[in-house]
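> Here are the chains, one letter per residue:
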Amino acid sequence: MFRVKAFCLIEAIHLATGCPRLAGRLIHPAVVCHVHHWTKRSTDSMWSYRTGPNSSGEAGVSALQTKIMEQGELPVLLVNEVGGVRGVLKAHVEFLKKHFHLITMKEFLKNKKHWSKKVQAIYLWWHKPIIDRELLESLPDLKVIANSGVGMDHLDLKLISSFGVKMANAPHAVSSSTADTGMALLLASARRLVEGCQTAVSPDTECFADDLLGDEVTGATLGIIGMGSIGYKIALRAKAFEMKILYHNRNRRTEEEERAVGAIYCTKIEDLLQQSDFVMLVVSLTPQTHKLIGKRELELMKPTATLINISRGPVVDQDALVEALQTGVIKAAALDVTYPEPLPRDHPLLKLKNILITPHLGIKTDKTTRMITEEAVANILAALNGLPIPNEVFP
Amino acid sequence: MAKQEQPGLLILEIGGVCGVLKGHVELLKKHFHLITMKEFLKNKERLSEKIKSVFIHECRPVIDRELLQSLPHLKVIANSGVGVDHLDLKLISSFRVKVTNTPHAVSDSTADIGMALMLASARRLVEGCQIAVSPQTEHFAADWLGDEVTGATLGIIGMGSIGYKVAKRAKAFDMKVLYLNRNRRKEEEEQAVGAHYCEKMEDLLQQSDFVMLVVNLTPQTHKLIGKRELELMKPTATLINISRGAVVDHDALVEALQNGIIKAAALDVTYPEPLPRDHPLLKLKNIIITPHIGTATVQATRMMTEEAVANIQAVLNGLPIPSEVIPQ
Chain W
1 MFRVKAFCLI
11 EAIHLATGCP
21 RLAGRLIHPA
31 VVCHVHHWTK
41 RSTDSMWSYR
51 TGPNSSGEAG
61 VSALQTKIME
71 QGELPVLLVN
81 EVGGVRGVLK
91 AHVEFLKKHF
101 HLITMKEFLK
111 NKKHWSKKVQ
121 AIYLWWHKPI
131 IDRELLESLP
141 DLKVIANSGV
151 GMDHLDLKLI
161 SSFGVKMANA
171 PHAVSSSTAD
181 TGMALLLASA
191 RRLVEGCQTA
201 VSPDTECFAD
211 DLLGDEVTGA
221 TLGIIGMGSI
231 GYKIALRAKA
241 FEMKILYHNR
251 NRRTEEEERA
261 VGAIYCTKIE
271 DLLQQSDFVM
281 LVVSLTPQTH
291 KLIGKRELEL
301 MKPTATLINI
311 SRGPVVDQDA
321 LVEALQTGVI
331 KAAALDVTYP
341 EPLPRDHPLL
351 KLKNILITPH
361 LGIKTDKTTR
371 MITEEAVANI
381 LAALNGLPIP
391 NEVFP
Chain A
1001 MAKQEQPGLL
1011 ILEIGGVCGV
1021 LKGHVELLKK
1031 HFHLITMKEF
1041 LKNKERLSEK
1051 IKSVFIHECR
1061 PVIDRELLQS
1071 LPHLKVIANS
1081 GVGVDHLDLK
1091 LISSFRVKVT
1101 NTPHAVSDST
1111 ADIGMALMLA
1121 SARRLVEGCQ
1131 IAVSPQTEHF
1141 AADWLGDEVT
1151 GATLGIIGMG
1161 SIGYKVAKRA
1171 KAFDMKVLYL
1181 NRNRRKEEEE
1191 QAVGAHYCEK
1201 MEDLLQQSDF
1211 VMLVVNLTPQ
1221 THKLIGKREL
1231 ELMKPTATLI
1241 NISRGAVVDH
1251 DALVEALQNG
1261 IIKAAALDVT
1271 YPEPLPRDHP
1281 LLKLKNIIIT
1291 PHIGTATVQA
1301 TRMMTEEAVA
1311 NIQAVLNGLP
1321 IPSEVIPQ
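From first to last, the protein sequence lines are chains W and A. FYI, the numbering for the first sequence is 1 to 395, going by my numbering. FYI, the numbering for the second sequence is 1001 to 1328, going by my numbering.
Do not rely on the hints blindly, as some may be mistaken.
As the list claims (entries may be wrong) - Negatives, chain W to chain A, calculated, CB over 12 Å:
#1 Asn251
#2 Leu356
#3 Arg370
As the list claims (entries may be wrong) - Straight line, CA to CA, 30 Å or less: simulated DSSO-like cross-link-like pairs of lysine-lysine:
#4 A/Lys1283 x W/Lys239
#5 A/Lys1168 x A/Lys1234
#6 A/Lys1283 x W/Lys353
#7 A/Lys1171 x A/Lys1283
#8 A/Lys1186 x W/Lys367
#9 W/Lys302 x A/Lys1186
By construction, these hints were calculated from the structure, which means they are not laboratory data. Just so you know, even glycine gets a beta-carbon here, dropped at the ideal spot from N, CA and C.
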């Protein structure tokens, strides 16, 4: 029965987005299975919010199509800006305009009276526009806020919900490229790749000295904190490097899932920290995970260990991290995320030699950013047409 | 065994740029009477009687006819690492000296470097690190993007131990793996890593998003990748070299990178190493170069020395040699 429901939904998404690829991805048996598991609990069980059951809607495929055609005008979608540093990617505009009348915050603010009753959806890109009470009050017809990416820590979910506005994220699109980023950081840090690149091109280099020895990744122990979609994909990749995989999660994965990646569950985070050569943070940011890794946790880690953060900056107590790196409490760190981003230019983390910082690469590929927008559009269209939202997020 | 009874092992030096790692000296001294080139040259007559083996580290000491002639009791030259392109195998064989290498110790860490380079290049990691720490950085641009590794096509040229381990790792990233090799692998081996055999190099080059060179350097693989091969690659593709610098025609590569024939390159090996400081490759933006760190881990270097010691002992004791290299 689930597959029939999933099929109806997939057809709706196909028609709505014109993206057979997106629908095809959802129809794959492994993903269907995954979606089935995913509907039972949140993809990252450290979330303090829930994702909803993927129940089928009353409206079928043809109803969706009819509804869209009946409207005549496209629904109005508000974005912060197009292009520029944090704006929606210019390359995505054409696709968005196929389904929506796109307006930017600038246009909205210029003519609030005209637009406020028309805006039905907001598409967040890099956490903008900021959703506050004032904005919500000025958009009486707002039905849905679609986030690009999976993290929702920048949103006040209760507040938004209190206005009767639905919320959605994009968990499927992000998982592979974020897992890849985690592995890239792990390998680059362990093998001192960035330092090596500097040596290779430095004008002072006369010969390659023997002393740029790094740490072996193959066969080392990786501790994954947060075993949702992304954490699991990291485990899959790490297994191919014959890494021993420990994981810590509020809920334990099924036995088959553990066996498939050779992952050993650690009930206590201490066990994971004490045994790991690499500790990777793959949780979402919630009140429970804020400063999850502090002085105590860093001291429990091996002095030869590396901390890798691909979740959110505030999951780590940055002051404690500076001290731990300065005094050799841990060996090194690799951060794709910090708080804030970017760090102030005089921040002590920037001065350390045993750290690698990347500018939030997580999902920054052509392919993934496109998939994120496609996933968001599917969410928005489902919400506007009264269909079950593929990735609805509840407070 | 008293020091004087231990077989003599000649090395270049301890520590320094090409010297044996200080941390390995104890292990070597457990089994051998360690003699440096400096000591040997000071006292050639006496020491040449004792030297039964040579341990080569970072291609040193250089083995030439003169050295071979001055070591009448030499039985084995044990190389640290798998590549022996720096050794004249025929010459050494003519002195009835055996040559060994360390294929087992190197394969994991070299495969790991191949993956590290591919990921770093695709995701613009090195550039990203510079942005993250640059004094000029005020924000991280949203439209600064890299290429997806998951689901992309990797073409592996050279599917020996190392190439196969690369394929295994790439499979976990849902990559489509194509390969080229002198000999085709068995069906079960192909299936285990989802690798598709390409009869012709052109097929592999034309379809790959990433081309990784994992061959050893021989007269046949010298300048294997030249202008023609680079032009067959996709303009969006990246060339990764973890084999030997001379497998790639550097001049052709410079031109290809300058003109967008291929998108980028990532080289752990060049010819020479290091490149002259005014080499055009060092000026390009779409390249990352690492200083031959393929086996540069504490664990791998230790394993290489251990493997070399095992090879030497086998030769000196007339036992089957784990990794003998026989001239073709």
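> Indicate, hint by hint, whether the structure satisfies it.
Structure-based check of all given hints:
{"no.": "1", "hint": "Asn251", "verdict": "24 Å, holds"}
{"no.": "2", "hint": "Leu356", "verdict": "6 Å, violated"}
{"no.": "3", "hint": "Arg370", "verdict": "10 Å, violated"}
{"no.": "4", "hint": "A/Lys1283 x W/Lys239", "verdict": "37 Å, violated"}
{"no.": "5", "hint": "A/Lys1168 x A/Lys1234", "verdict": "24 Å, holds"}
{"no.": "6", "hint": "A/Lys1283 x W/Lys353", "verdict": "25 Å, holds"}
{"no.": "7", "hint": "A/Lys1171 x A/Lys1283", "verdict": "33 Å, violated"}
{"no.": "8", "hint": "A/Lys1186 x W/Lys367", "verdict": "34 Å, violated"}
{"no.": "9", "hint": "W/Lys302 x A/Lys1186", "verdict": "42 Å, violated"}
The earlier numbered hints that this structure contradicts are 2, 3, 4, 7, 8, 9.
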